[in-house]
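> Going by our numbering, the first residue of the sequence shown is number 1, and it counts up by one from there.
No lab work stands behind these hints, which were simulated from the structure alone. Some clues are possibly wrong.
As the list claims (entries may be wrong) - Listed below are the simulated EDC-like cross-link pairs for lysine to aspartate or glutamate, each with C-alpha atoms no more than 16 Å apart in a straight line:
1. K382 <-> E348
2. K307 <-> E358
3. K387 <-> E408
4. K307 <-> E328
Stated by the list, open to error - Estimated spans, in silico, between C-beta atoms of each pair:
5. H131 <-> T202: 20 to 30 Å
6. G168 <-> V302: 13 to 23 Å
7. S46 <-> G485: 44 to 54 Å
8. G235 <-> T53: 36 to 46 Å
9. G129 <-> S46: 32 to 42 Å
Ideal Cβ placement from N, Cα and C applies to all residues, glycine included.
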Amino acid sequence: MESPPQSTTAALRTRLADVDKQMAALHSQLEELAETRREVVDALLSVVYPVLTLPPEITAEIFKHCVSDRVGLGMRGQWVGNAPLVLSSVCEEWRRIALGLASIWSNIWLQSSAPDMPSILQSWLPRTGTHPIDIGGLDTRHESINELVPYCQQWRNFSCWLELPITGSLNDIRGRIPQLRSLHIAYGSGPIESFVNSIPLTLFSDAPSLRELSMTDQLPLSSPDMLRLFDLPWGQLTHFRSRMQGLDGFLQLLALTPSLELLSVAPSNMHPSIVIPQPLTLPRLRMLEICHKGAMVCDAIVAPSLKSLRIITPSEDLGVPRLLARCESSLRSLYISGVDPRNWRFVESVLRAAPMIEEAELSMNNALLQWVRLISLLRLEKDVLPKLRVLSLSAAADNIWNASTFSEMTHMILERWSGGSKATSPSTSEQHPSGTRAKLETFRLVHDHLPDFSTEMLPNTPNAEWCVETLGILAKEGCKIEIQGLDLTPELSVEEQPSYTLDERYK
1 MESPPQSTTA
11 ALRTRLADVD
21 KQMAALHSQL
31 EELAETRREV
41 VDALLSVVYP
51 VLTLPPEITA
61 EIFKHCVSDR
71 VGLGMRGQWV
81 GNAPLVLSSV
91 CEEWRRIALG
101 LASIWSNIWL
111 QSSAPDMPSI
121 LQSWLPRTGT
131 HPIDIGGLDT
141 RHESINELVP
151 YCQQWRNFSC
161 WLELPITGSL
171 NDIRGRIPQL
181 RSLHIAYGSG
191 PIESFVNSIP
201 LTLFSDAPSL
211 RELSMTDQLP
221 LSSPDMLRLF
231 DLPWGQLTHF
241 RSRMQGLDGF
251 LQLLALTPSL
261 ELLSVAPSNM
271 HPSIVIPQPL
281 TLPRLRMLEI
291 CHKGAMVCDA
301 IVAPSLKSLR
311 IITPSEDLGV
321 PRLLARCESS
331 LRSLYISGVD
341 PRNWRFVESV
351 LRAAPMIEEA
361 ELSMNNALLQ
371 WVRLISLLRL
381 EKDVLPKLRV
391 LSLSAAADNI
401 WNASTFSEMT
411 HMILERWSGG
421 SKATSPSTSE
431 QHPSGTRAKL
441 ETFRLVHDHL
451 PDFSTEMLPN
461 TPNAEWCVET
471 LGILAKEGCK
481 IEIQGLDLTP
491 ELSVEEQPSY
501 TLDERYK
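With the hints as extra help, turn the sequences into a complete structure.
Rendered as structure tokens:
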């Protein structure tokens with residue numbers, strides 16, 4: 001093989017020297033960059049993040065507020081319920097705090113159809129430690145129950161879709177649920193015959209802490225059948241929510257619950273012609289919630305300690321005014337939702353029959369006329385809620401922000417604040433002797449599906465200006481007025497700023 005010419009060899013050596021020189025320069029540059037990187041890393045590590053300087057117990061409290069009431073397992077997509085996983089993935093310190101905080105892992109809402117639910121629970125449940133566990137959304141047929149049963153002594157609130165007959169490990173909880181306080185049973189998808197022909201369900205018969213029972217789905221059974229099917233410690237219950245059928249059987253069931261403090265009922269098939277020979281006395285009942293036609297239960301019970309009455313979507317009075325008369329010495333709070341033209345006459349009769357009420361909340365449907373009627377009734381009729389001190393209204397009317405309704409509302413608040421006198425302004429209200437009505441101390445107004453209130457919605461008239469100014473003065477005098485979107489809080493000057501600190505305020 002012939003040697004390359006001398007000139008070619010020299011050129012190659014020169015080229016090689018150039019490459020070596022460039023490599024040396026790059027190595028030098030890499031070393032400089034590496035040194036610069038070390039300096040940047042050191043500087044970054046020296047940065048103190050305030051959130052990481054918090055004591056662990058403070059961080060733990062913050063974590064509790066970051067986690068929603070229900071932690072959803074098996075849910076797809078981003079959801080706040082997965083907050084425990086998010087918090088424990090930020091850094092090593094946060095993971096240590098989150099894993100040691102049993103309470104944020106202990107409120108579980110199951111998507112039972114998730115195929116990997118058992119494996120999720122195997123990793124999740126040990127993190128609850130010994131903390132009481134709240135469980136919801138469970139289908140009693142799903143294999144997830146096998147992972148939950150070993151923790152049954154920690155169950156506090158248990159909500160399930162009931163399928164009969166009960167099979168598998170769920171039978172093992174009998175006598176092993178000492179902390180169970182709340183039980184919600186929903187009707188599953190099984191045939192009605194599975195309920196009618198089932199043997200008595202004794203899973204929850206030995207639950208010494210059980211106080212709250214909810215059967216809010218329409219179970220395909222009469223109340224006597226329910227009593228036969230569910231062997232429960234009825235006498236312990238203080239809270240009971242039900243949609244059972246038949247008034248007679250329902251009263252038989254209530255007779256077993258003398259300790260009730262809250263009763264929510266929406267019974268069906270309760271014919272108004274039923275004669276009640278002897279009303280049932282519930283001596284400890286403090287709150288009664290009646291839904292739709294369940295109002296006829298009012299004639300069937302006596303509640304000498306009743307403090308609060310809630311009426312959901314009323315349709316007929318069926319005894320409500322008579323119940324109010326019987327509870328005049330104790331009843332103080334009234335809530336009515338679903339006020340519309342179809343039930344306005346009933347609502348008005350209830351308001352007229354409730355002179356003892358001190359706190360009222362009404363939810364109005366899309367009916368401006370009923371809104372105007374209500375405000376006028378509360379303003380002009382002295383015998384309507386004369387002891388009212390707190391009034392909360394929820395409106396869904398198309399146009400409650402007009403000059404007429406806003407003016408009427410302002411006059412109502414002003415006259416109620418003055419105790420019933422015909423005051424024309426806050427400054428003159430003290431010149432009138434108080435009427436027979438109590439002073440309205442709090443007024444709240446929220447409205448759904450509407451923009452927040454703005455003075456621009458009102459016509460530019462002296463009356464509109466007077467309304468806004470009057471409400472501001474009333475707020476300054478001490479009337480607590482909360483109108484969604486309307487800021488009545490005066491801007492404070494430097495001299496008027498509070499002199500106390502938050503620590504001093506909340507000691």
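> Work down the list of hints and note, for each, if the structure agrees.
Now for the hints, and whether the structure bears them out:
Of the supplied pair hints, the one linking K382 and E348 holds, its CA atoms being roughly 14 Å apart against a limit of 16 Å. As the CA atoms of K307 and E358 are separated by approximately 10 Å, the hinted pair is consistent with the 16 Å bound. Of the supplied pair hints, the one linking K387 and E408 is violated, its CA atoms being roughly 20 Å apart against a limit of 16 Å. Our distance criterion of 16 Å between C-alpha atoms is met by K307 and E328, whose separation comes to about 10 Å.
Under the hint 20 to 30 Å, the C-beta atoms of H131 and T202, about 27 Å apart, fit the expected range. At roughly 44 Å, the beta-carbon separation of G168 and V302 lies outside the given 13 to 23 Å, and the hint is violated. A hinted range of 44 to 54 Å holds for the C-beta pair S46 and G485, which are about 47 Å apart. About 53 Å separates the C-beta atoms of G235 and T53, a value inconsistent with the hinted range of 36 to 46 Å.
The given range of 32 to 42 Å is respected by G129 and S46, whose C-beta atoms sit roughly 36 Å from each other.
Comparing the model with each earlier hint shows violations of hints 3, 6, 8; every other hint is respected.
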